[in-house]
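> Those protein sequence lines, which keep their order, are chains A and B. Heads up: the first sequence begins at 0 in numbering that gives the first Met the number 0, then just goes up one per residue. Heads up: the second sequence begins at 0 in numbering that gives the first Met the number 0, then just goes up one per residue.
Since copy identity is lost for identical chains, a pair holds within one copy or between any two.
Here are the simulated SDA-like cross-link-like pairs (lysine to any residue), alpha carbons at most 25 Å apart as the crow flies: (1) 457 / 558; (2) 356 / 576; (3) 206 / 647; (4) 366 / 207.
In short, the hints are calculated from the structure, not lab data.
Given next are the chains, with one letter for each unit.
There are 2 protein chains.
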Amino acid sequence: MDVTVEPEWWYLWIPLAASLVALAVIAYLITYIKKKPVGTDKMKEIAEAIRIGAKAYLKRQNSTIAIVAVIIAICLYVYDFIHHGGIPFYSLAFVLGAATSTLAGYIGMNISTIAHVRTTEAARKRDLPEATKIAFRGGAVTGLGITSISILSLTILYYVYSMVAGVPNPELLVSFGFGASLVGLFAQLGGGIYTKGADVGADISGKVEEGIPEDDPRNPAVIADLVGDNVGDCAGRGADLYESFTDNNIGAMILGLALIEYFGFSGVVFPLIAGAIGIISSIMGILAVGNIKKDDPMMSINAGYLLMGITAAILFYVSVVLMLGGKLVFFLDILIGIITAVLVGLLIQYYTSYQYKPVRTIAEAAKTGPATNIITGLAVGMKSTGLPLILLSAAIVISYVISGGVTNHKLGFYGIAMATLGMLSMTSIIMSSDTFGPIVDNAGGIAEMSGLGEDVRKITDMLDSIGNTTKAITKGYAMGCATLSAFVLFASYLEIVSARIPDFTISLTSPITILGLFLGGIVPFLFSAYAIEAVGKAAYRIVEEVRRQFREIPGLREGKAKPRYDVAVDIATKAGIKGMLIPGAIGIISPIIVGILFGTETLAAFLLSATVTGVILAIFMFNAGGAWDNAKKYIETGKLGGKGSDTHKAAVVGDTVGDPLKDTSGPSLHILVKLINIIALTLTVLFLHPVILLLIG
Amino acid sequence: MDVTVEPEWWYLWIPLAASLVALAVIAYLITYIKKKPVGTDKMKEIAEAIRIGAKAYLKRQNSTIAIVAVIIAICLYVYDFIHHGGIPFYSLAFVLGAATSTLAGYIGMNISTIAHVRTTEAARKRDLPEATKIAFRGGAVTGLGITSISILSLTILYYVYSMVAGVPNPELLVSFGFGASLVGLFAQLGGGIYTKGADVGADISGKVEEGIPEDDPRNPAVIADLVGDNVGDCAGRGADLYESFTDNNIGAMILGLALIEYFGFSGVVFPLIAGAIGIISSIMGILAVGNIKKDDPMMSINAGYLLMGITAAILFYVSVVLMLGGKLVFFLDILIGIITAVLVGLLIQYYTSYQYKPVRTIAEAAKTGPATNIITGLAVGMKSTGLPLILLSAAIVISYVISGGVTNHKLGFYGIAMATLGMLSMTSIIMSSDTFGPIVDNAGGIAEMSGLGEDVRKITDMLDSIGNTTKAITKGYAMGCATLSAFVLFASYLEIVSARIPDFTISLTSPITILGLFLGGIVPFLFSAYAIEAVGKAAYRIVEEVRRQFREIPGLREGKAKPRYDVAVDIATKAGIKGMLIPGAIGIISPIIVGILFGTETLAAFLLSATVTGVILAIFMFNAGGAWDNAKKYIETGKLGGKGSDTHKAAVVGDTVGDPLKDTSGPSLHILVKLINIIALTLTVLFLHPVILLLIG
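Kindly generate the complete structure, drawing on both the sequences and the hints.
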């Protein structure tokens, strides 16, 4: 490689400074939240039980993941030893990727279990703005944590590796992405199985069989359910977006390297700058929430978004002008990414919110029982895959074409990466409002269990419904990010392969390639099957346990005796750990086997097919699940017979079926599509021609 | 094209003779069945009601399809007029394809509505061998009808067109396949929506809500349900296999043409000879059933299969020696096709029969309610996509490689076509045992409605359970045939395109191609969504109607008044016709739009992606549906609480959800994947460079 351009290292000060500022803000937010009062002893006790359960689970999950990670790290170190005389390029990057991803998940879970009870306390004092602020700032710790840890690590690693290797090269970072993806996959799978196993089990045994309300303290599975919100929703979605954010940055840097003759090293570090822009503008937005438009929580959150958006747009414009030779088409790409994210979010809302026809049709179908309710939901879910994917494909094609992809495909791919960077710049603030959801959900649960009365519950219910709206937006957002990131990773796979094999092309005319398409198409189905099955098993065991307790503990039904919460927590924990192993293994091993057995061409077909099928399946699962959920909620507003009617009971079955789809396999598929691509990338960098040999000789 | 080989036209006498013999056998079988007694007046009355309903539906369905077909035929005639001076090459072939497909469906439905009541009558006389024979021979009319009509038409058309054009060319037949596929798609969709709308509606309102048994004469939807078996299962599966059989022959002939330098015209007509071999050996097998091993119906059917298999193997061996230059590798391909069909069938049985673990797990999960039952079934269905598809991909790759595809891909593709021909040679006998299913199902229904008593019902139940076993085999078989046929069509698409564009290759490195993959992946989901939704709507309306009748007709519940069967029949008819339009339009229009907007490369990616996704989705739907069905049946054998228990009720919900998946969208997807490929083939032949110009200029 002919490196004639002198890297302008000072650029790296920007992402470094931005992430350090973010860390300072995080420290401030944590102190702010911790200073708030925690309420009654009863509340403290419940909060503590949730906290202990969540920590215990995360500890066991992380020790299990650690075993897998250590094995892979050793293999990578052997590689490093052979090829780089023991300089641990790949092994260290992998370990750091895995460790930071774990850290991001831990921070999110930890702050959530601190903020929820304080939100309840604010609600107990009838202080809605205060409750909103605490919950949102709790979410912001996760949101900023994800982006700042990622940007900080990538910046330092890139700089140090470049110095050690003597030449700057982002390809050395691929195993960082691998580590992040690996942890992300297991965290989302394990947490997803835990949360939905507990949720479904608690719903069936409590709401359906015993006829007691949600979060009733008599239900032996209620603590497990509340723990699940923390280990599943907070840690899970965080892992997903940490992975999208990190992998996309690495992919975009690799694509930037291919354009070194156009933009010099500015093109390589631009993704880090974009991350910094996202961080800074998100901080402005986050701090505004709860301070502007205090009395209307939704308006306050929207004001934060608006402030963030305007700041980001200005900063992006300036940086494209300064760093990418003023090629404003890339600024346009960034805008396309942001607009696409918004549009996909709106579409998802159309299919999953009960203000619109699809969900109402599902609720209507529940009038003739659970079967028609489920059939209609399946249809809505499948139908909802069309427009979002057409939109995302259009964003890919348009940003490719306008950036000059037709004459030089490297420019086109970089354009796609820009659109993705635009989309991902919102990660911090989006994650803040997303994590807001489980915090207020938990706050409501604590209020119910502590017997705080109707009007406190009313405040937490109001926050909960806002949480559901922000969650719907995040889902569409996560979907868009996962799709585009997977695509950017695939583009960098192509880039890396063609740098090593001149005139590389993937022809579809050979059955061996078509084999790759078939195998790739199967993987998301098998993966989902095991994830869903694990939830089914966990729920089954929890229902059996709850039935046993109601049978064997005298006075439990009357509220005179306490249930054994810990047994249900233990069942969910074991189910989460055990259940994540097989689907996790499928995700890790399948691209390796296909790559080794059939080579780069078949692997490329495999990646594409798995990405396309995985993304479609994920959208189907997300939306079907969300639609069933809201069809039930629609009936609960008093329509079609209201709560307790046969129609409502039928809708509860649909909601329960949708739970593992929308919260376990759906989000895990997002991680899967990125993981297999980054594994392929790592394999190619390591084995096709060791990158270090390319650099120095 | 350099045609130096003189076609040996006398080869065509073989398929011509074989299909004429088959038609004679059909005439004999119809006479044989018609001579059998029809039983009591009550039985006659019910049979007549079913017959009238089925005929009325088919008439309306066919007039609707005719409108679409006429429009397409006119377009094709305009093309013929411009390019061939009015010789109606493509328009005539299209009309014939559509007409023969309609005819095949009509014959199947017609004989079924004659044979069912006679089967009941044989059962009434406690004559099990006679009942088996009548039902199986009724099925055989469909089985032989499909293959002989297809082979007869293709043989004559090929000969006549070759004479008129002055040069023999199977490419002129593509629009015949288009016509057959078009009718097949609508027939399967309309019939599938009819049968499952009626079935689900009757089950929910009768079995679940009123607690009356299946086929109870008090249920106003019972006649619609029985009509559905005829218009859905008989006509539907028939359309599927007629299409597989026809399209694969055309595709294989086109691939044979590309190898003219190797095998002369023998290679082109070999598919027709293979069809003839299938017909002749199936006739031997069919006539044996009911005559050998009379007392054990299952053994008798198996004896028929064995005789068929041995005859076919000998004849294939001889014909490969004589026609394909003794290249025994092609004989091996044929065997691979047959073995794969058997293995896929066994796998499907593993996943869907209650003798094995997967179905028992689903039944077990029903203990905690419908939600866990459905979740587990979804997981089993998704898991079941893995092994069958790996097997089918392996068959594709192995037959490609051993036939010499690595050095000459044309030989490889021809090898794959041979494997498919081997598989499809069993069509007649497989369809015979498949159509056996709805006939005995109807026979049981007639027995129940005529009040023929327990022990008659016992005989029909026994036949019904055999019908379910043969149905499971057919499903795996239809799956294998659809996958391989779609692939053969894709190979001939490639062949035709590369004959016109030298050095044609499909590169996966362009986002425009990837757009094709995304769009192709969406189509099966959208298609299924509308098909499933139509069933949901139809069922909903029927439930409402049944509820209304039970409410408004005094004495209905006590069996003192007669229900209005015709209203439910009318609802199902309208739902079938209306419901088939949107998914049908998606199937027809999507490849045309992609082809016109983005060209041959993107269209190729679209075809592959739609095929892969469609096939996987179909397997998932088939197996999930089958597994739920049998989990319910397992409980009905008295396990886990048996019939009437809460576990059983939960399993009924799963079964109902599975109905539209396994009998409407699943089988329709099979047709879809072939339809889009044959449309692409037709488009290419017509527009890329008109074939006639290639031939004469």
